[in-house]
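Q: Here is how the chains run, residue by residue.
Protein chains: 2
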Amino acid sequence: MNIGLDMMGGDFAPIEAVKGVKQYLLEQNFEGLSLILFGDEPQLTALLIEYDVPKDKYKVVATTQIIDMNEHPTKALKEKTNSSISVGFQYLATGKIDAFISAGNTGAMLVGAMFSLKTVEGVLRPTISSVIPKQDGSTGLLLDVGLNADCKPEQLNQFAVMGSVFSKYIFGVDDPKVGLINVGEEEGKGNILAQAAYPLLKENSAINFVGNVEGRDVFNDKADVMVCEGFTGNVILKLAESVYDIAQNQKVDNPYLNRFNFEIYGGTPVLGVEKPVIIGHGISHATAFSNMVDVAVKMVNTDVLGKVKEAIQKI
Amino acid sequence: MNIGLDMMGGDFAPIEAVKGVKQYLLEQNFEGLSLILFGDEPQLTALLIEYDVPKDKYKVVATTQIIDMNEHPTKALKEKTNSSISVGFQYLATGKIDAFISAGNTGAMLVGAMFSLKTVEGVLRPTISSVIPKQDGSTGLLLDVGLNADCKPEQLNQFAVMGSVFSKYIFGVDDPKVGLINVGEEEGKGNILAQAAYPLLKENSAINFVGNVEGRDVFNDKADVMVCEGFTGNVILKLAESVYDIAQNQKVDNPYLNRFNFEIYGGTPVLGVEKPVIIGHGISHATAFSNMVDVAVKMVNTDVLGKVKEAIQKI
Numbered sequence: 067m068n069i070g071l072d073m074m075g076g077d078f079a080p081i082e083a084v085k086g087v088k089q090y091l092l093e094q095n096f097e098g099l100s101l102i103l104f105g106d107e108p109q110l111t112a113l114l115i116e117y118d119v120p121k122d123k124y125k126v127v128a129t130t131q132i133i134d135m136n137e138h139p140t141k142a143l144k145e146k147t148n149s150s151i152s153v154g155f156q157y158l159a160t161g162k163i164d165a166f167i168s169a170g171n172t173g174a175m176l177v178g179a180m181f182s183l184k185t186v187e188g189v190l191r192p193t194i195s196s197v198i199p200k201q202d203g204s205t206g207l208l209l210d211v212g213l214n215a216d217c218k219p220e221q222l223n224q225f226a227v228m229g230s231v232f233s234k235y236i237f238g239v240d241d242p243k244v245g246l247i248n249v250g251e252e253e254g255k256g257n258i259l260a261q262a263a264y265p266l267l268k269e270n271s272a273i274n275f276v277g278n279v280e281g282r283d284v285f286n287d288k289a290d291v292m293v294c295e296g297f298t299g300n301v302i303l304k305l306a307e308s309v310y311d312i313a314q315n316q317k318v319d320n321p322y323l324n325r326f327n328f329e330i331y332g333g334t335p336v337l338g339v340e341k342p343v344i345i346g347h348g349i350s351h352a353t354a355f356s357n358m359v360d361v362a363v364k365m366v367n368t369d370v371l372g373k374v375k376e377a378i379q380k381i
Numbered sequence: 067m068n069i070g071l072d073m074m075g076g077d078f079a080p081i082e083a084v085k086g087v088k089q090y091l092l093e094q095n096f097e098g099l100s101l102i103l104f105g106d107e108p109q110l111t112a113l114l115i116e117y118d119v120p121k122d123k124y125k126v127v128a129t130t131q132i133i134d135m136n137e138h139p140t141k142a143l144k145e146k147t148n149s150s151i152s153v154g155f156q157y158l159a160t161g162k163i164d165a166f167i168s169a170g171n172t173g174a175m176l177v178g179a180m181f182s183l184k185t186v187e188g189v190l191r192p193t194i195s196s197v198i199p200k201q202d203g204s205t206g207l208l209l210d211v212g213l214n215a216d217c218k219p220e221q222l223n224q225f226a227v228m229g230s231v232f233s234k235y236i237f238g239v240d241d242p243k244v245g246l247i248n249v250g251e252e253e254g255k256g257n258i259l260a261q262a263a264y265p266l267l268k269e270n271s272a273i274n275f276v277g278n279v280e281g282r283d284v285f286n287d288k289a290d291v292m293v294c295e296g297f298t299g300n301v302i303l304k305l306a307e308s309v310y311d312i313a314q315n316q317k318v319d320n321p322y323l324n325r326f327n328f329e330i331y332g333g334t335p336v337l338g339v340e341k342p343v344i345i346g347h348g349i350s351h352a353t354a355f356s357n358m359v360d361v362a363v364k365m366v367n368t369d370v371l372g373k374v375k376e377a378i379q380k381i
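Protein sequences appear in the order of chains A and B. Just so we're aligned, residue 67 is where the first sequence starts under my numbering, counting upward by one. Just so we're aligned, residue 67 is where the second sequence starts under my numbering, counting upward by one.
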């Protein structure tokens, strides 16, 4: 298995990316894994030696350009054809790697995923999700968190299917409970979109729909998979991220609130494209990179995107 | 000034309502105030004597019915014409009281406000807001928080005006900064609604528009007044409420997180109707009732709804 990693993406690249690779190999080295590292060769080689990363586990692919965090995604991908992100997607599209990871320019990663990869047959639009730390210790999934600011009810129904498959195969949740983010508990509540999505979710036999979930239910055990359009989802995610910052500012050290440090989850996978793409937070440190490799390995090993494809076609 | 209070609404009525009245009169008694208390006369009279509430400050209006928390609002208001909520709105509509407060059935309060009172001239739709505790110690305002799940851009622009007036006159914020809840910082970001609302807010000379605010900005000082449709606003509010519950569950005792106890803010005023209506949380205790009286007194004293009317007509 070849996992591709953009070593130049993120605020602390390439050093934290190198440390992340080292951490992954130390902690949860997967036997058949080869890491394909995209980036500035002299810089990377020096760091990989410095951090004593086993040579048989990686291969450096030299790239000469970097897409900065604030560059226009489409323009940058078109012009910087030898950037770590562009080359990574070329490798992914042509099968030279099985998954691609970057903590770089999120827009460029999304555009790269959408335009260099095929959308899974039957999927209306790919989606991005976020891990949600649940109070009972389990791991929830919220989607969409920003790729689709306006949605049709059918999209929410597909998010439910894709999220359920991901929750099952990557988080190991058996028969994940799916909730529709809404403003009240009862059927019939909500805006036009939520009202229209509810019956689709209710009739969808591919998922375990448990009804509406409210803002107060995001962190409880009412649902494992929570679906909404990307506007509300993005606001929820960024608000949840800020809860961790608040706890830090307030010098509150609490095991549950510490799980709001979204860096520990690594990154967010793009669901609905044919190959695994994982987008990391700009502030990713070693643990985030290590976790992204871990999720990528799991996604390849479980063929979760193949499972998404099967499930979508059953709706 | 006559402030009307539904003594039978809320999970802990009438005893907490009586205690709240007592608390208000002890702590911030306003000279010209007369409290008009709607509810079961024998029960109230006994409690008012028991809690030693000064007789010259209140008058009990006997009502014989109660609208329960789970009753259908429109049906209940129509059938229970002698309920504390119905009679309260009759008093408000006919000028016998200057403001009406209840921690009872929220739907019935909204229906009552919308149908027994006139909408302020020029207001497309009334709105409900929520106090947001800011990290810098100041008090933010978020609106709409659930009355209008789907909105037009013009409504968001009006929420901005109504919220600014409320923030200025009730919270004492000078020239409140208005932010549009969105998924990114830059103009042009967002769903169709946010994209269309941005230019209206930018051109609105009646407000101090500071641009987009994201989920991570809800609790920081980027904006004093934050506007969105009621779907996202309701999810934000209920999520914020759950942060307090989480802190309690986790036994975290932190002064800032304690401000997420929304009960301390009393209730949410309906903005855009011609007279002050304040809706309390079902779980309201004495402090919440006391604070609701305080806000009602301020709303009448400052003629905040008259100011809303003037401001709306300037858009």
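Do not rely on the hints blindly, as some may be mistaken.
Intra- or inter-copy, both count: the list cannot distinguish identical chains.
To be verified - Result set (EDC-like, lysine to aspartate or glutamate): computed pairs, CA atoms no more than 20 Å apart in a straight line: (1) LYS268 <-> ASP319; (2) LYS218 <-> ASP202; (3) LYS255 <-> ASP216; (4) LYS317 <-> GLU252; (5) LYS144 <-> ASP241; (6) LYS200 <-> GLU307; (7) LYS123 <-> GLU187; (8) LYS380 <-> GLU269; (9) LYS123 <-> GLU137; (10) LYS380 <-> GLU187; (11) LYS200 <-> ASP311; (12) LYS146 <-> GLU251.
Derived from the structure by calculation, the hints contain no laboratory data.
Q: Given identical chains, is LYS144 near ASP241, meaning Cα to Cα at most 20 Å, within a copy, between copies, both, or neither?
A: neither (42 Å within a copy, 45 Å between copies)
Q: Within a copy, between copies, both or neither: which one fits LYS146 and GLU251 at a CA-CA cutoff of 20 Å?
A: neither (49 Å within a copy, 25 Å between copies)
Q: Give the relationship of LYS218 and ASP202 under a CA distance limit of 20 Å: within one copy only, between copies only, both, or neither.
A: This pair counts as neither: shortest intra-copy Cα distance 32 Å, inter-copy 39 Å.
Q: Is it within, between, both or neither when you check LYS200 against GLU307 at 20 Å Cα-Cα?
A: both (14 Å within a copy, 16 Å between copies)
Q: What label fits LYS200 with ASP311 when the C-alpha limit is 20 Å: within, between, both, or neither?
A: Both, since 18 Å and 13 Å are each at most 20 Å.
Q: Up to 20 Å between alpha-carbons, please classify LYS317 paired with GLU252: within, between, both or neither.
A: neither (39 Å within a copy, 31 Å between copies)
Q: 20 Å Cα cut-off: does LYS268 pair with ASP319 within a copy, between copies, both or neither?
A: neither (40 Å within a copy, 41 Å between copies)
Q: Indicate which option fits the pair LYS380, GLU187 if close means a Cα-Cα distance not exceeding 20 Å: within, between, both or neither.
A: Classified as within; 12 Å inside a copy, 52 Å across copies.
Q: My question is about LYS380 and GLU269: at a cut-off of 20 Å on alpha-carbon distance, are they close within one copy, between copies, both, or neither?
A: within (12 Å within a copy, 49 Å between copies)
Q: Can you give me the call for LYS123 and GLU187, within, between, both or neither, at a CA distance of at most 20 Å?
A: neither (34 Å within a copy, 71 Å between copies)
Q: Cα distance capped at 20 Å. Does LYS255 pair with ASP216 within a copy, between copies, both, or neither?
A: Classified as both: same-chain Cα gap 19 Å, cross-chain 12 Å, threshold 20 Å.
Q: Quick one: LYS123 to GLU137, C-alpha cut-off 20 Å, is that within a copy, between copies, both, or neither?
A: neither (32 Å within a copy, 65 Å between copies)
Against the hints set out earlier in the document, violations occur for numbers 1, 2, 4, 5, 7, 9, 12.
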